[in-house]
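Residue numbers (my numbering), protein chains in the order written: chain A, 1 to 223; chain B, 224 to 460.
Just so you know, the hints here were simulated from the structure itself, not pulled from any lab data.
These figures come from a predicted structure and were not determined experimentally.
Certain hints may be false.
[What the hints assert, rightly or not] Here are the simulated lysine-lysine pairs, DSSO-like style, with alpha carbons at most 30 Å apart:
| no. | chain 1 | residue 1 | chain 2 | residue 2 |
| --- | --- | --- | --- | --- |
| 1 | A | LYS79 | A | LYS196 |
| 2 | A | LYS79 | B | LYS417 |
| 3 | A | LYS156 | B | LYS296 |
| 4 | B | LYS383 | B | LYS315 |
| 5 | B | LYS296 | B | LYS316 |
| 6 | B | LYS296 | B | LYS437 |
| 7 | B | LYS383 | A | LYS78 |
| 8 | B | LYS416 | A | LYS79 |
| 9 | A | LYS79 | B | LYS450 |
| 10 | B | LYS416 | A | LYS156 |
| 11 | A | LYS8 | A | LYS65 |
| 12 | B | LYS230 | A | LYS79 |
| 13 | B | LYS292 | B | LYS450 |
| 14 | A | LYS79 | B | LYS296 |
| 15 | A | LYS65 | B | LYS450 |
| 16 | B | LYS296 | A | LYS65 |
| 17 | B | LYS230 | B | LYS416 |
| 18 | B | LYS416 | B | LYS383 |
| 19 | A | LYS156 | A | LYS173 |
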Amino acid sequence: MVITESKKGWDRNQMAQKAAIDIPDGAYVNLGIGIPELVADFVPEGREVIYHTENGLLGMGAVPKTGYEDPELINAGKKHVTAIPGACFFHHADSFTMIRGRHIDVCVLGAMQVSEQGDLANWSTGEPNAVPAVGGAMDLVAGVKTIFVITQHNTKEGEPKIVENCTYPLTGKAVVDKIYTDLAVLDVTHDGLFVKELAPGVSFEYLQQKTGAKLFQYPTVKK
Amino acid sequence: MINKIVKSASESVKDIFDGAVIMISGFGEAGSPIELIHALIDHGANNLTVVSNNTGSGHVGLAALIENKQVGKMICSFPRTANSTVFPELFKKGEIELELVPQGTLAERIRAGGAGIPAFYTATSVNTPLAEGKEIRVFNGQTYVMEHAIKADFALVKCKEADRYGNLIYNKTARNFGPIMCTAAEIAIVQAKKIVNLGDIDPEIVVTPGVFVKRVVEITNPADESKLVSEDRRYPW
């Protein structure tokens, strides 16, 4: 029997859950736009995590109920949010002092490409006619202590997003610590990309086929 | 007697000159001083350099200022937003210049401008196209890029409450770039939802001390930008 491609691996929520498990109790965390936002839904019971949004809020809470949206209370993606008890507001220089001064513990970001050295490309395709936009991505990767990337393992066209060298313009060099994809969890180390966990139905050989860089196995890989 | 209160938005912007560098507060619509921007459109100064995180949305506020061809150059971190079409179209036609700056570097360049620091080194953007052509230096084994301060002739800022000394407090995430822009501009012009008596703002919670502010104007019911955009309103009305 042939297992179809779409049935292999984790869905978006499961990818977010894998990342959430690796965020320690007490961490100050910045979540990027897209799948990274889902991470907040899966923080294990008993852990207290404080979310930072770079537009000036520490202690970001859930999405407000309909009718309670405030246009002056938004996140970095310009969506309506709430502030938890104990939250605080601050201006942009203070917000990026938190980021660039290494006061934020974990940042979870999306990616267009990640290299085996942990280089990240997630802001521009480099096409000459595109309008470039960078936002806070370069500050986050330069200043946050631990960088997690959540991304589909391959593009919609099936091209690998995890590669030997990024072909898109970089956001930062050697900045990614862990990669969570629909197929696996990878550790970025000085000795290369190590497979920490394989998604159900995914073999090491299959994962290697889908990856544009050499992968390594730990002595025992959790299945 | 010190009285920084100005009667109207139009009076507050009347000396903005052609070629001026103008900082405009806001992160998307949160904190964007839409009435001051509209007054600047009525006033008509041209060839402006605007420093703002985004480039506005729809055809009101900052987007309308750009659409009215008053802006020659934008210095910003994220010129694309939902409902942002004015800037991308002009940019693709080569009719407006863009200096793209990482958001934290933008904030720090403004902060440095206000603090009398001409330049500084940061790790942000090292090894990326945004560091090309800039001075690189190694401190304690780590590589940094030099970035210059930004100063402005004017800042247009929105806040929640102001007094006649120019002390300000803000509302939630609408604070964003407002406080640092007040420090980096020769003339900071602020629209406040409410002007209160001296002493009504607890000195312990003043966010922008009045020394950084030159003019305050009361705009009691500022427009809701996203509502104007959803109704496809255009300025001038």
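Among all the numbered hints in the text so far, which are the ones the structure does not match? Violated: hints 1, 3, 4, 10, 11, 12, 16.
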